[in-house]
Amino acid sequence: MTEPSRRAIVTGLAAAALAPGAASAGGEGRTPRPFGFETVEARARELAAAPFDLREPTLPPPLAKLDYDAWRDIRFRPDKAFLNVPGSPYRLQLFHLGFLFKRPVTVNLLRRGVSTPIAYQPSLFDFGRTKIDKPLPVDLGFAGLRFHTDLNRPNFLDELIVFLGASYYRFLGRDQLYGLSARGLAVDVEGADGPEEFPFFREFWVETAEADGDPLVLYALLDSPALAGAYRFTVRPGAETSVTVEAALHPRREVATVALAPLTSMYFIGENDRQSSDDYRPELHDSDGLLMAAGTGEWLWRPLDNPRARRISSFADTDPKGFGLMQRDRSFEDYQDLEASYHRRPGYFVEPEGAWGEGSVMLMELPTDNETADNIVAGWRPKAPLRPGEPLRIAYRVRAIGRDDLHGNARVVNTYVVGASASGAARQAGDPPALTRRFLVDFAGGDLGYHLSDPAGVAVVASTSRGQVMATSLTPNPHIRGLRAAIDVRLDAAGDGTELRAFLRAGTRALSETWTYAWAAA
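Numbering (my numbering) for the sequence shown: 186 to 707.
No lab work stands behind these hints, which were simulated from the structure alone.
Incorrect hints may appear among the rest.
Unchecked claim - Taking lysine to aspartate or glutamate pairs in the DMTMM-like style, the calculated list, with each CA pair at most 20 Å apart, reads:
hint	residue 1	residue 2
1	K265	D373
2	K287	D254
3	K319	D264
4	K316	D252
5	K319	D252
6	K568	E538
7	K287	E241
8	K287	D324
9	K265	D311
10	K568	E375
11	K287	D252
12	K265	E344
13	K287	D318
14	K568	D252
15	K265	D324
16	K287	E388
17	K506	D590
18	K287	E381
19	K506	E538
20	K265	D335
21	K250	D318
22	K316	D258
23	K506	E431
24	K265	E395
25	K250	D311
26	K568	E439
27	K287	D258
28	K287	D238
29	K568	D311
30	K506	E543
31	K506	E425
32	K506	D589
33	K316	E375
34	K506	D463
35	K506	E483
36	K568	E536
Claimed, not checked - Each pair of labels, with its calculated beta carbon distance range:
hint	residue 1	residue 2	range
37	G423	K287	19 to 25 Å
38	A707	D639	37 to 43 Å
39	D397	E223	24 to 30 Å
40	P618	F237	52 to 58 Å
These figures come from a predicted structure and were not determined experimentally.
Quick reminder that beta carbons are idealized off the backbone N, C-alpha and C, glycines included.
Hey, can you work out the whole structure from these sequences and the hints?
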């Protein structure tokens, strides 16, 4: 097909998508059935009833051989952006196939309930220095999509959210930079039933917003060997951009280790994990802790770690109120990085809608020797497995958070791990140094300012699942207008591991969230 013919087809499709009262394919003048979430779920149900298509798509040779630099040089032309209609606050751009992104995604525009696909055409892209010598098919599809809006200032379009690769997506609030990612779903992350399975979005449908202030709404069809699913994403830009997710999952087989609302991030170096790194920067991470709001009302903080071997932690709960991977260190001085600006990277906090029942927040930490690998995964693991014929419907909201002040009590702001040699109570004669550690935990905020002049009424409540808490102490830390707790812990033998917990209490009242930490004696 010639280029003029392809352009004419796409122009006609776009016009049909944006024309009010467009007729359905069933005949002229017939009222079309409005497109909605039920439409996508019907597709997911049908997809799950059929065997998974194992065939990997084959890209045309000019695209199959692209390396990262050549693929990155292919950029969507901003003047070709979709959704550019009067009143719409959003612009839609598309990613070209190539490099790692070999599975085509179909993208459709929705206008007043009518769906129209966007056909591929080379004129949508600036290929830069990348040369494609042969014509590409009109049904090529795209690698992913992204949206722009006036996020940071009026009359200037900044990137808001990106869907690219498997079921990954990232989004930004005001004055934030990309760091961690969210995912539609994760299957067998822990490897219990074999290698991890990466569900992917096959198709998207994007609603055309008609007025400033309208949220961005899009639907997606997810597929994998284990299941198929329907998704609706409602994106509300702002200082803390939020994404409301509604999903209906239809299993093909029993799925025991699914992770709902999964988040993926990077942790390399922090104040609690210095490692031997020849780097001038004191910390390198997109997230530094897992924050959890338990169904009981307790808030917990788990500092992240770069472990020597894969570590999986589970935090059992019923009807959780929320969980997220957060970036609490918000000062440039924490990182000293003029390019990556880690202090501007958001945390993502997941807030379930409705009762999620029994399960656990799963945290997986993988070892890494650099800052380019995503080595942290968190998500909700239901206690009951997913079974064919029993669709799971869930809803939740994810917020991009710049300041982590989600509860009124004191928060953990620093964790340091040092030897306990300064404490006679922590060491016994003949103990190897590796069996004892002192954990210094800084708490700030909440009502701690009231106790700074006299912390005698504040107690450190510490416990360990294995070994012994040998001593605790509390010292005012005026630099953070808070208190520093010292917790000395002893394990019985090399190789032992333990889960530590500590919080501050005045009388019967908890003053802080609960600090929890995993430690194993070398």
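> K568 and E538: Cα distance at most 20 Å?
Replying inline: 18 Å, holds
>> With the threshold set at 20 Å, check whether the alpha-carbon distance from K287 to E388 stays at or below it.
In response: Distance ~14 Å between K287 and E388 Cα, so the pair holds.
>> Tell me if the straight-line CA distance from K568 to E439 falls inside 20 Å.
In response: Within the cut-off at roughly 13 Å; holds.
> K506 and E483: Cα distance at most 20 Å?
Replying inline: Given that 20 Å is the threshold and the Cα spacing comes to 10 Å, the pair holds.
> Under the criterion that the straight-line Cα-Cα distance not exceed 20 Å, is the pair K250, D311 satisfied?
Replying inline: 18 Å, holds
> Are K287 and D254 close enough, with their CA atoms no more than 20 Å apart?
Replying inline: The given pair, whose Cα atoms are some 16 Å apart, holds under the 20 Å limit.
> Within 20 Å, alpha carbon to alpha carbon, are K316 and D258?
Replying inline: 10 Å, holds
> Does K316 pair with D252 here, judged by a C-alpha cut-off of 20 Å?
Replying inline: 12 Å, holds
>> Just to be sure I understand the hint, the distance between the Cβ atoms of D397 and E223 should be within 24 to 30 Å; is that true here?
In response: 28 Å, holds
>> Just to be careful, I want the Cα atoms of K319 and D264 compared with a cutoff of 20 Å; is the pair within it?
In response: With a Cα-Cα distance of about 25 Å, the restraint between K319 and D264 is violated, given a limit of 20 Å.
> Taken at face value, is the distance from the CA of E395 to the CA of K265 at most 20 Å?
Replying inline: 19 Å, holds
>> For K265 and D311, compute the direct alpha-carbon distance and say whether it is at most 20 Å.
In response: Roughly 11 Å between the alpha carbons, so the hint for K265 and D311 holds.
Taken one by one, the earlier hints fail for this structure at numbers 1, 3, 14, 29, 33, 34, 37, listed in ascending order.
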